[in-house]
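Peer 1: For chain A, the structure is supplied; the task is to place chain B on it using the hints.
Protein chains in written order, with the working numbering: chain A, 94 to 256; chain B, 94 to 256.
Just so you know, the hints here were simulated from the structure itself, not pulled from any lab data. Remember, predicted model here, so these are calculated numbers, not experimental data. Some clues are possibly wrong.
For chains that are exact copies, the list does not tell them apart, and a pair is met inside one copy or across any two.
What the hints assert, rightly or not - Pairs of lysine to aspartate or glutamate residues, derived as DMTMM-like cross-links and limited to a Cα-Cα distance of at most 25 Å, are as follows: (1) K216 x D168; (2) K109 x E227; (3) K225 x D185; (4) K225 x E156; (5) K225 x E180; (6) K225 x E203; (7) K225 x D112; (8) K104 x D209; (9) K225 x E206; (10) K152 x D230; (11) K225 x D194; (12) K109 x D168; (13) K147 x D212; (14) K152 x D194; (15) K109 x E256; (16) K147 x E256; (17) K216 x D194; (18) K225 x E151; (19) K225 x E114; (20) K225 x E253; (21) K109 x E228; (22) K225 x E118.
There are 2 protein chains.
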Amino acid sequence: MSATTKEAPAKATLTKPSDREIRVERIFNASRDRVWSAFTDPKLIAQWWGRGNKLVIEKMEVERGGHWRVVEHADGQTHGFEGRFREVTPQDRIVRTFEWDGMPGYPIVETAEFEDLGDGRTKLVATSLFYKTEERDGMMESGMEGGMNESYAALDRLLESME
Amino acid sequence: MSATTKEAPAKATLTKPSDREIRVERIFNASRDRVWSAFTDPKLIAQWWGRGNKLVIEKMEVERGGHWRVVEHADGQTHGFEGRFREVTPQDRIVRTFEWDGMPGYPIVETAEFEDLGDGRTKLVATSLFYKTEERDGMMESGMEGGMNESYAALDRLLESME
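One chain only, chain A, in its complex shape (with noise of 0.2 Å):
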């Protein structure tokens, strides 16, 4: 743990600031150094991502045009995702392409934004932009909300571990 007693909030704050698009706010007991490494070194993606599921990741190419991809392996199945980056600041901001095998052609522009708060404690603020209002609402409606959780409690015991 770091020096300060705050406990992180258990639940990220989700808003929809526009018609297309769903922000998502979380903070996390740990440096921004760290949180950096957890959202781009592969081997620590791996460890929080998928929470608790194998996570294969296929390309982590983490730099302007570089390409992604990851599978998840859960309940006999395998989920794709990927995408490609179009823009990377080391320790402040990543853009990129989010895209689900299960609907292919339907990319959503992922934006995570890490800021310092200065007392040991990082808030990141992610958001994700549709091309159409649909889209976000059928993401909305897919159980996205607790699968982002249970992965980010998985990151919050990874950062943890990485004391």
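Peer 2: Chain B in isolation, oriented as in the chain A frame:
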């Protein structure tokens, strides 16, 4: 040439049906079957899409979920383009994403619909959907219309030679 004496218009009709779309209409003097082949057979695509420039078709998996990637070689430079198929309905409709290496992470959704005009000609209606209006306008100002007309003129010549 087909039996009809009608000439295909020299230019495509380009409109903006919404603030994030471009719509193109173009009539070809060839059967829908032939136009479909020219849009989906890698060997044929290589003969017109590059407007005379060398085109390497690295991947062209024309089916839902399939990936495509082509590299154009022009003036000592290479320009890569890629994306993924959202929908492939033979003879009728292709929906895919389109992304230029020079702007990674900015995919466009391209929908191509092929209409049999019943007189040996085929009408293509192609719409491009962008995430943001400024991305659409940037494409409009990039000289895409001239390049597109050159490609379609090369396609006219290919279709005629396929007789």
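Peer 1: Evaluate each hint against the coordinates.
Peer 2: Going down the list of hints, with the structure as the test:
1. In this homomeric assembly, K216 and D168 never come within 25 Å of each other (Cα to Cα): the closest approach is 33 Å inside a single copy and 47 Å across copies.
2. In this homomeric assembly, K109 and E227 come within 25 Å of each other (Cα to Cα) both inside a single copy, at 13 Å, and across copies, at 22 Å.
3. In this assembly of identical chains, K225 and D185 lie within 25 Å of each other by CA distance solely across copies; the values are 23 Å between and 28 Å within a copy.
4. Taking the closest pair of Cα atoms, K225 and E156 come within 25 Å of each other only across two copies (23 Å); inside a single copy the shortest separation is 27 Å, beyond that limit.
5. With identical chains, the CA atoms of K225 and E180 are at most 25 Å apart both within one copy (22 Å) and between copies (17 Å).
6. For a Cα distance limit of 25 Å, the shortest separation of K225 from E203 qualifies both inside one copy, at 15 Å, and across copies, at 14 Å.
7. For the homomeric pair K225 and D112, the shortest alpha-carbon distances inside one copy (8 Å) and between copies (13 Å) are both at most 25 Å.
8. Taking the closest pair of Cα atoms, K104 and D209 come within 25 Å of each other only inside a single copy of the chain (19 Å); across copies the shortest separation is 54 Å, beyond that limit.
9. Within a single copy, K225 and E206 get their C-alpha atoms as close as 23 Å, and across copies as close as 20 Å, so both meet the 25 Å cut-off.
10. With identical chains, the CA atoms of K152 and D230 are never at most 25 Å apart, being 29 Å at best within one copy and 32 Å at best between copies.
11. In the homo-oligomer, the alpha carbons of K225 and D194 lie at most 25 Å apart both inside one protomer (18 Å) and across protomers (24 Å), since each shortest distance falls under that limit.
12. For the identical chains of this complex, K109 and D168 are neighbours neither inside a copy (32 Å) nor across copies (46 Å), given an alpha-carbon limit of 25 Å.
13. Taking the shortest alpha-carbon separations for K147 and D212, neither the intra-copy value of 33 Å nor the inter-copy value of 56 Å comes in at or below 25 Å.
14. Taking the shortest alpha-carbon separations for K152 and D194, both the intra-copy value of 15 Å and the inter-copy value of 17 Å come in at or below 25 Å.
15. In this homomeric assembly, K109 and E256 never come within 25 Å of each other (Cα to Cα): the closest approach is 34 Å inside a single copy and 55 Å across copies.
16. When the C-alpha separation of K147 and E256 is checked against a cutoff of 25 Å, the pair qualifies only within one copy, where the shortest distance is 24 Å, while the shortest distance between copies is 54 Å.
17. In the homo-oligomer, the alpha carbons of K216 and D194 never lie at most 25 Å apart, since the shortest distance is 30 Å inside one protomer and 31 Å across protomers.
18. Within a single copy, K225 and E151 get their C-alpha atoms no closer than 29 Å, and across copies no closer than 30 Å, so neither meets the 25 Å cut-off.
19. For a Cα distance limit of 25 Å, the shortest separation of K225 from E114 qualifies both inside one copy, at 9 Å, and across copies, at 12 Å.
20. For the homomeric pair K225 and E253, neither the shortest alpha-carbon distance inside one copy (38 Å) nor that between copies (39 Å) is at most 25 Å.
21. For a Cα distance limit of 25 Å, the shortest separation of K109 from E228 qualifies both inside one copy, at 13 Å, and across copies, at 22 Å.
22. In this assembly of identical chains, K225 and E118 lie within 25 Å of each other by CA distance both inside one copy and across copies; the values are 22 Å within and 23 Å between.
In the structure shown, a violation is registered for the earlier hints numbered 1, 10, 12, 13, 15, 17, 18, 20, in ascending order.
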